[in-house]
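Trainee: Each chain is listed here by its residues.
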Amino acid sequence: MLKVRSVESGYGKLKVLTNVSLHVGKGEIVGIIGANGAGKTTLLHTISQVIKPQCGEIRFNDIPITTIAPHKTNSLGCVLVPEGRQVFAPMTVAENLLLGAYSLYKKGKKECVTEELSKVYGLFPVLKQRHAQLAGTLSGGEQQMLAIGRALMAKPLCIMLDEPSMGLAPLVVKEILTAIRTLRDTGTTILIVEQNSKAVLGIADRGYVLETGSIVLEGTAQDLLNNTEVQRAYLGKDYTRINE
Amino acid sequence: MTVHQLSETMSKPDLSQLQIERLQTTLNRVYRNVSFYKHALDEHKIQIDTIRNLADIRNLPLTSKEDLRKSYPYDMFALPLRDVVRIHASSGTTGKPIVVGYSRNDLAHWADLVARELSWAGITDRDVVQIGFAYGLFTGGLGYQDGAEKIGASVIPASNQTAMSDLFTIMKDFKTSALICSPTTALTLARYMRSTGIHPEQLHMKRGIIGSEPWSESVRTEIEETFQIELFDSYGLSEIMGPGVSAECECHCGLHVNEDHFIVEVIDPKTLESLDEGDEGELVFTTITKEAFPLIRYRTGDRGSIIPGPCKCGRTFVRTSRITGRTDDLIMLQGAKVFPLQLLNTVHETKGIAPQCQIIISKTDGADAIEIRVAIESNYEHIDEIKILEKLRTDLGKSVKDRFGIGAKITFMEETTLINENRGKKQPVVIDKRYS
Chain D
1 MLKVRSVESG
11 YGKLKVLTNV
21 SLHVGKGEIV
31 GIIGANGAGK
41 TTLLHTISQV
51 IKPQCGEIRF
61 NDIPITTIAP
71 HKTNSLGCVL
81 VPEGRQVFAP
91 MTVAENLLLG
101 AYSLYKKGKK
111 ECVTEELSKV
121 YGLFPVLKQR
131 HAQLAGTLSG
141 GEQQMLAIGR
151 ALMAKPLCIM
161 LDEPSMGLAP
171 LVVKEILTAI
181 RTLRDTGTTI
191 LIVEQNSKAV
201 LGIADRGYVL
211 ETGSIVLEGT
221 AQDLLNNTEV
231 QRAYLGKDYT
241 RINE
Chain H
245 MTVHQLSETM
255 SKPDLSQLQI
265 ERLQTTLNRV
275 YRNVSFYKHA
285 LDEHKIQIDT
295 IRNLADIRNL
305 PLTSKEDLRK
315 SYPYDMFALP
325 LRDVVRIHAS
335 SGTTGKPIVV
345 GYSRNDLAHW
355 ADLVARELSW
365 AGITDRDVVQ
375 IGFAYGLFTG
385 GLGYQDGAEK
395 IGASVIPASN
405 QTAMSDLFTI
415 MKDFKTSALI
425 CSPTTALTLA
435 RYMRSTGIHP
445 EQLHMKRGII
455 GSEPWSESVR
465 TEIEETFQIE
475 LFDSYGLSEI
485 MGPGVSAECE
495 CHCGLHVNED
505 HFIVEVIDPK
515 TLESLDEGDE
525 GELVFTTITK
535 EAFPLIRYRT
545 GDRGSIIPGP
555 CKCGRTFVRT
565 SRITGRTDDL
575 IMLQGAKVFP
585 LQLLNTVHET
595 KGIAPQCQII
605 ISKTDGADAI
615 EIRVAIESNY
625 EHIDEIKILE
635 KLRTDLGKSV
645 KDRFGIGAKI
655 TFMEETTLIN
665 ENRGKKQPVV
675 IDKRYS
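Protein sequences, first through last, are from chains D and H. Every letter in the first sequence is one number past the one before it in the working numbering, and letter 121, counting from 1, is 121. If you want the working numbering, it's the position in the second sequence, counting the first as 1, plus 244.
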């Protein structure tokens with residue numbers, strides 16, 4: 001579904017990603033793990049065309065997307081849930097969700113909106129309870145659910161999540177991860193970028209390890225969980241040896 | 245559908261995406277973790293971020309057997325020893341052995357790949373698999389064991405049974421349905437079977453997976469006819485992984501390379517230029533998933549070619565031809581080019597002669613002379629009849645003359661002496677006295 005090939009990207013003269021290649025197959029959950037500053041967010045911004053890659057190729061459903069505008073990637077069905085939620089605080093939950101369906105309105109598929117709205121309410125019942133509440137007054141976890149719900153309103157084929165567990169309580173993280181799994185089971189493809197490696201590898205099918213802008217490991221989630229380097233660097237195992 | 249079937253029939257664009265991802269990842273790791281590759285890449289002024297497509301692999305430096313010997317024992321490892329869970333080594337008959345390491349994931353992939361290949365040969369959890377390879381530093385025994393167990397077959401590690409009669413007792417009583425061994429072992433078993441009058445119907449054998457040495461079509465026919473089974477060629481080498489690199493499918497038209505784990509190329513062994521599909525040269529492999537012992541463009545020294553076009557079986561993995569010999573042992577003799585393995589094949593085809601030989605090349609009165617030392621099989625019925633032995637000698641000499649256009653002196657040796665002098669090596673030992 002999504003193919004990234006030999007992409008280099010960054011900010012002006014600062015090159016952040018070096019020769020990054022990855023793919024996400026239809027119906028897969030793919031996790032990208034890496035430390036702070038490894039280039040995870042830059043990667044998602046590059047795929048969603050917020051930043052244009054300096055070279056390389058990105059294809060979504062075999063359509064090259066490196067030359068198109070960011071909002072067009074959204075209408076192709078590749079939607080980003082940004083880091084830190086970024087919900088529209090002064091608007092209600094329902095208004096936030098309806099804004100996510102903007103591309104459906106543009107496509108003239110207004111009738112789908114109610115259907116999508118009820119799907120989102122089904123996935124996150126708390127959003128239904130708080131539909132009239134201002135988004136800014138929601139808890140962190142609820143805002144994250146709202147951000148994912150808003151992205152789902154566009155009926156995406158592939159949803160990209162940037163650090164969905166950031167700053168959330170463990171129980172809320174668990175709830176969100178369960179929702180992500182449910183989403184996959186309903187056919188949505190998911191690319192998820194996380195620092196919480198254990199959480200993401202627990203739900204992902206495959207994963208990539210990004211280190212200083214390059215991918216240094218890839219494999220099934222199980223392979224990565226078994227990899228001793230990943231265990232030491234990202235899963236906090238093997239402390240006794242490090243302390244020796 | 246299992247994950248395996250999905251990979252085996254992957255479309256070419258998907259496969260090339262997977263290969264480039266894994267190649268780039270491997271390069272990032274070897275550049276950081278293996279000093280040999282850091283130096284080699286820096287010396288050739290190759291920046292790894294310029295490897296953007298699979299065709300760019302040609303720009304990367306080659307790795308030779310000599311490089312691996314120099315790194316003895318652990319210098320080529322990309323992981324610290326505490327992350328290495330298994331160590332194997334290649335035989336060191338011509339120098340220091342090459343030591344290879346496996347991480348936990350490497351072992352899991354290895355078992356997966358061997359299981360995949362065995363399933364191509366039709367092995368299932370209902371089979372009783374008898375393994376004739378040595379269990380030790382050599383990768384054959386344990387490699388096939390793990391793969392066959394992964395399928396769920398009942399595996400008999402029968403490598404320490406040296407007496408033929410014991411092996412046949414196991415085959416009969418344990419109801420062995422698949423035999424995994426070297427061609428020499430299979431051939432010796434087949435000849436024992438004929439000489440002792442064991443009928444294939446007394447056995448339960450259905451198939452054989454034969455590997456670790458190159459073997460000819462005539463050897464295939466002889467073993468298949470004697471056992472009345474179907475044989476599958478399997479290729480691998482310890483440096484790359486062991487068994488599990490490539491194998492024949494049911495179509496028997498070349499060996500499918502497990503391309504989701506290895507990238508295969510063919511190069512001209514003299515100019516080192518990459519060759520096109522169909523051209524014969526030296527097989528070169530790059531491992532793209534190995535964690536502990538990754539190799540970039542490793543020169544195998546094995547001669548073969550890439551077979552163009554898809555296979556009828558529907559698998560999309562590229563096929564290589566069967567191994568036709570070694571690139572480093574070509575003998576130029578009396579104006580003719582001879583590969584020792586071709587000579588060995590001629591020896592194989594001569595009934596009554598054990599499937600091993602020693603080749604001595606010398607200069608007599610300024611001309612090249614070749615002597616082939618062979619042994620009569622210990623259970624050969626006419627072993628005491630000088631006339632018949634003389635005929636064997638003339639026949640073998642004639643076959644060599646007909647096939648290679650060279651006159652060879654044939655000498656008989658005791659079978660045990662020959663085995664000892666060859667230090668157990670199945671491949672012919674060549675002693676070239678011309679330049680000494």
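Calculated from the structure, these hints are not laboratory results. Be a bit skeptical, because a hint or two may be false.
[To be verified] Computed list of lysine to aspartate or glutamate pairs in EDC-like fashion (alpha-carbon distance at most 16 Å, straight line):
#, chain 1, residue 1, chain 2, residue 2
1, D, LYS3, H, ASP258
2, D, LYS15, H, ASP286
3, H, LYS450, H, GLU474
4, H, LYS394, H, ASP369
5, D, LYS26, H, ASP293
Nothing here was measured: the structure is a model prediction, and the numbers come from that model.
Trainee: Would you mind marking each hint as holding or not holding in the structure?
Mentor: For each hint, the structure was consulted:
Taking the CA atoms of D/LYS3 and H/ASP258, the gap is near 9 Å; set against the 16 Å cutoff, the hint holds. Under the criterion of a C-alpha separation no larger than 16 Å, the hint pairing D/LYS15 with H/ASP286 is inconsistent with the structure, at around 21 Å. With a C-alpha separation of about 7 Å, the suggested pair H/LYS450 and H/GLU474 falls inside the 16 Å cut-off, and the hint holds. For the given pair, H/LYS394 sits about 9 Å from H/ASP369 by alpha-carbon distance, which is consistent with the 16 Å threshold.
A threshold of 16 Å between alpha carbons decides the hint, and for D/LYS26 with H/ASP293 the separation of about 28 Å lies outside it, so the pair is violated.
The structure shown violates the earlier hints numbered 2 and 5.
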